[in-house]
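Reconstruct the complex from the two isolated chains, following the hints.
Residue numbers (our numbering), protein chains in the order written: chain A, 1 to 119; chain B, 1001 to 1112.
Note that these hints are calculated values from the structure, not bench results. Computed from a prediction, not measured in an experiment: that's the story for all the values here. Where a beta carbon is used, it is the ideal one built from N, C-alpha and C, also for glycine. Treat each hint with caution, since some may be false.
For each label pair, taking beta carbons as the anchor points, the in silico distance ranges come out as [stated by the list, open to error]:
(1) 52(A) - 1051(B): 25 to 35 Å
(2) 1104(B) - 60(A): 18 to 28 Å
(3) 1104(B) - 68(A): 27 to 37 Å
(4) 72(A) - 1079(B): 40 to 50 Å
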Amino acid sequence: GAVVSQHPSRVICKSGTSVKIECRSLDFQATTMFWYRQFPKQSLMLMATSNEGSKATYEQGVEKDKFLINHASLTLSTLTVTSAHPEDSSFYICSARVPRQGWTNSPLHFGNGTRLTVT
Amino acid sequence: AQSVTQLDSHVSVSEGTPVLLRCNYSSSYSPSLFWYVQHPNKGLQLLLKYTSAATLVKGINGFEAEFKKSETSFHLTKPSAHMSDAAEYFCVVSDGGNQFYFGTGTSLTVIP
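Same shape as in the complex, but just chain B (with noise of 0.2 Å):
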């Protein structure tokens, strides 16, 4: 069975302060994983994926996640928080199937 836990349901950082987002996972298989961003009222957007090809991997806008299998981890981080980066995140893990299993989110506030 597959479920993710997104460990903090609320991040609150300063501007120019990193940011680090907790996932962890369950799998039953070598899972496919994921991070969307969600704007007010807006769908989800791919930040980035992991492809099995890599374990620390690249997103857009300076984001990137590193795959630790030993720790069923798939944390988001960037090294520096913008205010434009306020959003919901959520952590996506599937199958590889038609089966995606979402987080239950985390609101990320950047404070000026």
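For reference, chain A alone in the conformation it holds in the complex (with noise of 0.2 Å):
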């Protein structure tokens, strides 16, 4: 249980087009999703944090007119990366938690991340 899935895998974009990543729930509703952008040899670092029908909350220095972010629905967030440049060429993973009783000891379950390249 508790799987996230995360599509596309891989994307080659160019520079100034837009990309969109999803991010999908299987088999449980997630009211909250976060998104994450790791750089090489480095660790997780939180962009954003996605709300279900609500605008989602951005950590200091994420553009958000940049990283579009959408949770229409309980299973589905979106990250769209507009106008890409090079720069913004990275690996994006995100993440949600299972709601239960007792949120304290819930593990953030990963999807397989998204290796975004921009030419």
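Have a look at this one:
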């Protein structure tokens, strides 16, 4: 159980175009999902917290107009990288938690990530 | 405030020998602690979690970790390394809400 599916796994796009990445919780409903960016040989950097039915909460320094997040249903959050540039090339990962009583010990479940390359 | 320190950025072991990946945390509350493994170009997979029910936690693939409050540590161990264990490992602490704090990761190399 607790499977998070992320699509696509790889995408190459041209500079100036937009790319959409999908994150789905397959066997549970996720009111909250998280989007991370990971640079080579580094840890995960939280970009934003996606909330179903409301606006995402962005971390300091993350441009909300560039990284559009939509969480329109309890099983789907999308991240759109708008007007992509080569410096946006990175590994993007989403995660979600299974809602249950006693959130304290509920771990994050991660998608398999998306490798974005902007040429 | 919560934070996580993974003491070794890189660990190298021979196949069949024990693995020790170290993690120390700081927390103002009773923390939730997790270990994740990441293989190249993949997401993170949960190895084990500390639930406060038992200080010695057993996880998947033969890994276990011991929560030591007095030492604020949550080290990950495995008695015998396998080639497939070569990966990046992350120690994560949570405040119980939506805040998760990631360690900088430890890269494990297994030498045949």
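Quiz prompt | Indices of hints not satisfied (ascending) | solution = Of the numbered hints, all hold.
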